[in-house]
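Asks: Chains as they are written, first to last, in our numbering: chain A, 306 to 668; chain B, 11 to 547.
Check the hints yourself; a few may be wrong.
Here are the computed lysine to aspartate or glutamate pairs in the EDC-like style, where the Cα-Cα straight-line distance is at most 16 Å [unchecked claim]: (1) B:K83 with B:D70; (2) B:K443 with A:E384; (3) A:K431 with A:D419; (4) A:K524 with A:E332; (5) A:K385 with A:E360; (6) B:K443 with A:E426.
Pairwise CB distance ranges (calculated) [what the hints assert, rightly or not]: (7) A:E423 with B:R433: 25 to 33 Å; (8) B:R433 with A:R562: 21 to 29 Å; (9) B:W33 with A:S442: 53 to 61 Å.
Simulated from the structure, these hints should not be mistaken for lab results. Backbone N, C-alpha and C define an ideal beta-carbon position, used for all residues, glycine too.
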Amino acid sequence: MSQVQIACRGVSKSFGRVPVLLDLDLEVPIGAVVTLLGESGSGKTTLLRLIAGFERPDTGTIVIGDETVDSDQLYVPPEKRRIGYVSQEGNLFPHLTVAKNVTFGLARGDRSADRVGELLELVGMKDLGERYPHQLSGGQQQRVALARALAPHPQVVLLDEPFSSLDASLRSSLRFEVMQILRQRDATTVFVTHDQQEALSVADLVGIVDRGRIRQFDKPEVLYNRPADPRAARFLGEANIIAGTATSGFIDTAFGRLSLADEQASLEGPAIVLVRPEQVSVRPPVDEGSTHAHSTGRVVHCEYYGHDSVVLVELAEGGPTLRVRCVGPTLVAVGDLVDLVMTGNFRAWPDDPMSRGDDDLHP
Amino acid sequence: MPRGMRIAALREFVSGGRRRYPWLLATTSILVAALLLVPLVAIVAQALQAGWGQVWLVLDRSFVATLLWNTIKLAVVVTILCAVIGTGCAWLTERTSLPGRRTWAVLLIVPFVIPDFVLAWTWTSVFPAIHGYSGAVLVMTLHLYPLVYLPMAAAFRAADPGQVEAARVLGLSKRAAWLRISLRQARTTLLGGCLLVCLALLSYYGAFENLRYQTFTTAIFGEIRTQFSPAVASSLSLVLVALSLFILGGEGMFRERGRVQRSGAMAQRAQTPIQLGRTRFLAVAGVATTVGLALGFPVAVVVYWMTTGSSSGLPTSVSFWAAMGYTALYSALGAVLATALALPVSLLTIRHPRRWTATLERSTFITQAIPGVVIGLALVYVVSRHLNFLYQSPQLLVIAYALMFFPLGLVALSSSVARASPRLEEIGRSLGKGPLAVRLTVTAPLLAPGLAAAFCFLFLSSVTELTATLLLAPTGVRTLATQFWAYAEESASLGAAAPYAAAMIAMSAVPAYLLGRWFDQRIVGEPGGSWFQEEVP
């Protein structure tokens, strides 16, 4: 048996003249929780709908488990794919009670009261079986939608921004609960979202969907620390992209000399480098004797978040700026002169349009 | 295109390929739309056949000018009266502390259920002096004000108090906010309602005949019944249809504009009703007078003639029950047919919103502008030339009902079709149910309320249809409406006509009640049930 649960190969799809997916490849390992992160319109929902079988690709094949479910020659309809699908709106059947919604996908013989109770307990909705969908809150509706999707024991669970219509605090607690349930069941999960935190925190693997392709597909920490290109870097977390010149393992920038990651020692010539705000710290200016690369700038803007704060430091009047995350109580205020200290190894790319992936260099 | 490519494209077209396109739905809908345009095409064809020279000759006569003047002077006065009564009553029932406002709200709609020719008859049978222009104004106002009342009540109820509050915060006084926000928004609704009044006025026949007031419909009907000249009948019909289309176009424009002003499906707060204080007795008197004249009086007259009228031997109970049976049968068949025709069009336009599907849907509303007498004339023309076996057949009458009232079915279906979203079908499929099973367990139950509403709407309208029925009913068959009409034309048999009027009112009152409740729900919105309609597009 293969180790791959879902494989999309060369999948393209357009709606009318608008191309949505372009020759996309994706392999999801068995039992993995994969998030697909992308902006709205990037094609992530379309990809999910193709895997579910709600739409058919124009070209390419889709394999679930050992079975090809869509290709030029054949098409397996959604009801034969053994998938669970939870959409953004929940899409509960408005004319059925919660209990009947949950047992919809079960054979008649399996629809016992015990089974309903068990499923509803799983999602923490034990006593609400006789309610109708319109009598439930948004969070409750999504719980029921999940129970309904899990009831027939699908091999794959597809979640299309299931929490995006909920408010922030409910979203994170429900997300935690749902992921626990899905992991207990060892269901292979594909989770589409446009929320970076959501993508990073729940996944084994994250795919960045951009303009109809998977731009990068890797573990969250790799994606964050070693993004494939500047555009991928900006998808996850805040990013300073700075121009400079690379020479033998270092890069010289307006903010001083930064050391490059080991695998990039060979980079030479004009380059751009990724500096995450937390890779920089500020301190009161000192004259010299510092071992770290540093430069001095003026604080022009300050955002306070409680657990930390982000300051924007301008190198010189009208010069380049850098976003810096300060952990703990901030001691700087707008107008202060500060020293910028950058530690660790940095990720850089040759400075050409191909690697930038887009036009704007600096946020 | 090279031959090979053409074949590949054809194969793709036939098999659907990897792309599914709703060919069946699209083809059916186009056929339905074409069928609905048959009467219009037939009238033009008939006029063409008579020759434009003939048509000009007819139109040039002062007779047409008289008809136009009769129509315009009636339309202007009735529309103004309906606007005043409809708006006033809507404001009282929706925005003020009028005692018993929910009951009044229902009673104010009911008069529309009483057919125009029955209402006219109740007045003329008691006060023979009522006829001509003043009689037409009285009867039409009492019959048509609900067309203004209903949309205005909906508008007042749906008005977002947040908008008025926003205006107040921006520095407008209470009075200025009412003028510039509430009234201004209601204005488009009011104009839309007024145009509906005009449209209805143009299409009525029975009431005007009874009141001896000449309009286009009575002239056309007279032409058909007496010295039938296709040129005269079809050219008068052309003028009438052109007038109606003009009004329909205006109505469509106002509806489009009114739609923009809806502030979305936001959570709505209840509005605090305005306290009437001492003036509430005056308000109740006003509303009660309206209901009394439009509903109380005709019902009382019907009951009076039924109990005291000289019904000596005229209506045998056999003919009464036969008329009732035919009416129910034809109306039900027409309603089923129209619903069946409307369903594919509704599915296509809601599930596959494209520019051309929207145009297709809009084209079906043209039927609204074709009065019953014209539909009857057109269908007689078509079958007498091409489908002679259908002439005076029950099938033709059923088809006529379906064509006439099709738009009602479409409107009634739309919310249910929107509710039975393809997303729900997909979820059902992903849960292991086949396409047929999903249609039976998900789509059908969600469509059911809309189908029922459409049936009620259509049935109610067909039961009281007189004009086309007079022209198309099979020989020897009398429906409630035509039998009533036969008796009503003889002043000696007032008592004989009354039971038929009562039966029509009773038969249409039940669907009207269901319909009223459905409409009520639509305005209020199902409590908490809006979330699945709020799907992010």
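Asks: Confirm or reject each hint.
Replies: Comparing the hints with the structure gives:
no.: 1; hint: B:K83 with B:D70; result: 20 Å, violated
no.: 2; hint: B:K443 with A:E384; result: 5 Å, holds
no.: 3; hint: A:K431 with A:D419; result: 11 Å, holds
no.: 4; hint: A:K524 with A:E332; result: 13 Å, holds
no.: 5; hint: A:K385 with A:E360; result: 14 Å, holds
no.: 6; hint: B:K443 with A:E426; result: 25 Å, violated
no.: 7; hint: A:E423 with B:R433: 25 to 33 Å; result: 27 Å, holds
no.: 8; hint: B:R433 with A:R562: 21 to 29 Å; result: 56 Å, violated
no.: 9; hint: B:W33 with A:S442: 53 to 61 Å; result: 42 Å, violated
Checked against the numbered hints given earlier, the structure breaks hints 1, 6, 8, 9 and satisfies all the rest.
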